[in-house]
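Q: Here the protein sequences line up with chains A and B, keeping their order. Residue numbering for the first sequence follows the numbering used here, starting at 18 and increasing by one per position. Residue numbering for the second sequence follows the numbering used here, starting at 18 and increasing by one per position.
These aren't lab readings, by the way, just hints derived from the structure by calculation. Wrong hints could be hidden among the right ones.
You can't tell identical chains apart in this list, so a pair holds if it fits in one copy or across any two.
Said to hold, decoys possible - When the alpha-carbon atoms are kept at most 27 Å apart in a straight line, the in silico DSS-like pairs for lysine-lysine are as follows:
id, residue 1, residue 2
1, Lys135, Lys24
2, Lys24, Lys129
3, Lys99, Lys126
4, Lys24, Lys130
5, Lys35, Lys126
6, Lys27, Lys129
7, Lys27, Lys126
8, Lys24, Lys181
9, Lys129, Lys35
10, Lys50, Lys126
11, Lys149, Lys38
12, Lys50, Lys130
13, Lys22, Lys181
14, Lys27, Lys208
15, Lys38, Lys130
16, Lys99, Lys38
17, Lys135, Lys50
18, Lys135, Lys38
19, Lys24, Lys38
2 protein chains.
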Amino acid sequence: MQSLKDKIIKEGRIVDGKILKVDSFLNHQLDVKLFEEMGREFAKRFEGQGINKIITIETSGIAIATAVAPAFDYCPVVFAKKHQSLNLDAEVYQSSVYSFTKQVSYQIKIAKKYLNEKDRVLIIDDFLANGKAVEALEDIIRQAGATLVGVGIAIEKGFQDGGKLLRNSGIHLESLAIVELLEEDGTIVFKDEQNDL
Amino acid sequence: MQSLKDKIIKEGRIVDGKILKVDSFLNHQLDVKLFEEMGREFAKRFEGQGINKIITIETSGIAIATAVAPAFDYCPVVFAKKHQSLNLDAEVYQSSVYSFTKQVSYQIKIAKKYLNEKDRVLIIDDFLANGKAVEALEDIIRQAGATLVGVGIAIEKGFQDGGKLLRNSGIHLESLAIVELLEEDGTIVFKDEQNDL
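Bound-form chain A, shown alone (with noise of 0.2 Å):
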C-alpha cells in the first residue's frame, strides 16, 4: 500500500542497524486516519471471505484491529491478553509465544466465550518478524474451532522468515509494506508487491 510505504519512508528511522522505528504513527503516537485506510485496503484483499471476527494481541495490534472493524461491517474485535488482567474469565484458550528480543515465552490468553466454531477470523497485527506471535494466535483459533481466514499486517520485516513460513503453510497472508532490508545510510528497501501495481 503506497501511502504506508511512503509514510515509512517519511517518518520511520532505523535504529542499531535493525530495528525499524515507527513510533510516531504507528505504535506509539497513531495515525487513526492511516489505519483506516489499512482497514478498506485488507477489506479490498480479503473480499468475499465471509470474515466476522477480527483477533489481535495486545498491545500495538489493538489500535489497528480498531480501525480495520468499520471496513468488516463493525464485526467484534477480540484482543489476545499477553498481562495478568482482573477482567479475564478462567475458561481461556491459550497459547505460548517465545519472544527472540526477550527470550522468554509468554502466555496469551482469549476467554473462551469470544470465539467459536461459527468465527471466520482475520488476524490483525502491526509488525511479523518471526511469526511467533501469529502462529499462537492460529493455535487459539484451531483450539476454538474457528476458521482462520487470513493474516493482515501492517509492516512484514521480509528479512525474517515469518512471512515465508506462514505463506508455505497456506495461511493467506497480506502485509501492506513489506521491508526487504534496512540500509545502513538509513535507506528502507521494500518488496514490491503486485497489490500496488
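Once you've looked at the hints, dock chain B against the given chain A.
A: Frame of chain A; chain B shown alone:
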C-alpha cells in the same frame, strides 16, 4: 449516554460484589461501533475546545481512544506505555501510578517528541475508579507544557473517589456512564446525569 448504559445493563456482570465486568464489549472483545458513538458524544461535550491530541494509557484505553479520534478530526492519539518497549525513545516524560489492585507503583511514559506546549489534550480511558492513572497523565501533560482540556471516560465508578477528586480540582470530566451502586442481586444503579435528559 443511554446506549452505553443499556449495553452495561444487558452485558455487564458483577463479580465478587465489586468488580463490574464488561469484557464482552469494552476491554477484551470490543464493540467498535459503540466506541465511535462514544466518540461523537465526547465531541459534543467538548465542542469548541480546540482539542488537537488524544492521550490514553495502555491497554484498555487504546481501542476507545482510536475509535474516538475520527470525531476529533482524526487528531493524533498517543498512548502512554506501562510496559518496557523497544519502541520507546530514551527521552520521555514519565510519572508514577499506584495500583490499589496490585499494590504496586508503576511508571507510565510518553516520548517527549509527541507532546508539547501547543497541544490541547483530551484524556480518554475506559474506567475511572480512584483516578490515579488520570492524575499521572495530567502530570505528564504538565511536564510537557501542554494544556489539559478535559477527561473523557466510558464508565466511572461513582462509588470510588476519582470523579470527585478530579472535578474538585477543576478538571472538565465527562463520564458517559456513572455507576453509583453494584447491588448484591446483580442490579447496576447509575447516577442520573443532566446530559442524558
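Q: Are there hints from earlier that the structure breaks, and if so, what are their numbers?
A: none
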